[in-house]
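Asks: Protein chains in written order, with our numbering: chain X, 1 to 120; chain C, 1 to 136.
Simulated from the structure, these hints should not be mistaken for lab results. It cannot be assumed that every hint is accurate.
[Claimed, not checked] Here chain X is said to cover these stretches of chain C; the calculated rule only asks that three of the stretch's residues, wherever they fall, bring their Cβ under 8 Å from a Cβ of chain X:
hint : segment
1    : 67-78
2    : 89-98
3    : 111-120
[Claimed, not checked] Using C-beta positions, here's what the derived DEER-type ranges look like:
hint : chain 1 : residue 1 : chain 2 : residue 2 : range
4    : C       : Ala131    : X       : Ala6      : 53 to 63 Å
5    : X       : Ala6      : C       : Asp34     : 27 to 37 Å
6    : X       : Ser40     : C       : Glu87     : 28 to 38 Å
[Said to hold, decoys possible] Cβ-to-Cβ under 10 Å is the rule here; a few derived chain C residues that face chain X:
hint : residue
7    : Thr2
8    : Gln3
9    : Lys13
10   : Lys22
11   : Val25
12   : Lys38
13   : Leu40
14   : Gln136
A virtual CB, placed ideally from N, CA and C, is assigned to each residue, including glycine.
Each chain is listed here by its residues.
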Amino acid sequence: MSTIQASNVSDGTTTVGTSYVVNGSAKAWAGNVNDSAVASSSFNISSITDTGSGDNRLSFTNSMSADNYSVVHGAGPNATAPRNISLYDSVAASYRLFASVFAGSSSVAPSNSAVFGDLA
Amino acid sequence: MTQHLWDRLAEAKSRLEPVQSKYRVLFEDPREPDEPAKVLVPDPNWMACALAGGVLPPIETYQRDRLVPDGQPKEHPYAEPIGAMTEEEAIEYLVMKDIDPAVWRDYEGNRTILKIIPVELIPSDRTHRNAWRVAQ
């Protein structure tokens, strides 16, 4: 694989440092993770553990440097009603998402998440 | 110089078709006896990397990195990749990587708390999901 080494990227008018591109990229993501811990697409995820109803732990293949990374998350497109997706118990090697079930419904919403921060 | 693991993963994702595993890992955590059984599902992109070889680092690097404090340099992103694994070897690798050693290494009780099972044996009816236990 070839490597381009550059400090900046420019479109001819605007120039931006490549560090912005590297630091601003999602380091991992998982799309449409259902209650059975199956994702429709993902990157830098080694496994998803179904830890209970609506409760999944996602493990990184390449860990983050520490537990202070940012996870952008929300309910997946198949949700038929508003759902809350909560992030908790995040460590450098994994993070956990909990999808709440509202009264009157037995279904758990799929989750989407993307991880930003520094890699190990 | 060895390419960073994250770069290898990005390259592999563009080249390898995802592989759905035919196995699941069912386990209980002895530190949380009131919690339901957990089901580990291998990621299809990760499984493709494991079967192809040349992407993932040795499992020992992850185990040593468990002892490295947050923010300190870790070994696994920079380690030389290992060769291809069988699907069964890949599952065992994943058990040691993503499940706490308290489950697969340190437990000394009489209950069976970890099983590698075909995906067909996982119940599709999740009505009582939070009551699942590992059958003895």
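Asks: Taking the hints in turn, state whether each one holds.
Replies: How the hints compare with the structure:
1. Closer than 8 Å: that is the beta-carbon criterion, and the segment 67-78 of chain C has 6 residues meeting it against chain X, so the requirement of 3 holds.
2. Only residues whose beta carbon comes within less than 8 Å of a beta carbon in chain X count, and the segment 89-98 of chain C has 3; three or more means the coverage holds.
3. Using a Cβ-Cβ cut-off of 8 Å, 0 residues of the segment 111-120 of chain C lie near chain X, which falls short of the minimum of three, so the contact claim is violated.
4. The hint said 53 to 63 Å for the Cβ distance between alanine 131 of chain C and alanine 6 of chain X, and at roughly 56 Å that hint holds.
5. Remark: the range hint 27 to 37 Å for alanine 6 of chain X to aspartate 34 of chain C is contradicted by a beta-carbon distance near 54 Å.
6. Taking the beta carbon of each, serine 40 of chain X and glutamate 87 of chain C are about 21 Å apart, not inside 28 to 38 Å as hinted.
7. Taking 10 Å as the C-beta cut-off, the interface hint given for threonine 2 of chain C is violated, the closest approach to chain X being about 13 Å.
8. For the restraint placing glutamine 3 of chain C at the interface with chain X, the shortest Cβ-Cβ distance is roughly 8 Å, inside the 10 Å limit, so the hint holds.
9. Residue-level restraint check for lysine 13 of chain C holds (minimum Cβ-Cβ distance to chain X is 6 Å; threshold 10 Å).
10. Evaluation of the lysine 22 of chain C hint against chain X yields a violated restraint, the C-beta minimum of about 13 Å exceeding 10 Å.
11. A hinted interface residue such as valine 25 of chain C counts as satisfied when its beta carbon comes closer than 10 Å to some beta carbon of chain X; here the least separation is about 8 Å, so the hint holds.
12. Because the beta carbon of lysine 38 of chain C sits about 5 Å from the nearest beta carbon in chain X, less than 10 Å, this interface hint is met.
13. Evaluation of the leucine 40 of chain C hint against chain X yields a held restraint, the C-beta minimum of about 5 Å falling below 10 Å.
14. Restraint check, glutamine 136 of chain C versus chain X: the minimum CB separation of about 20 Å is more than 10 Å; hint violated.
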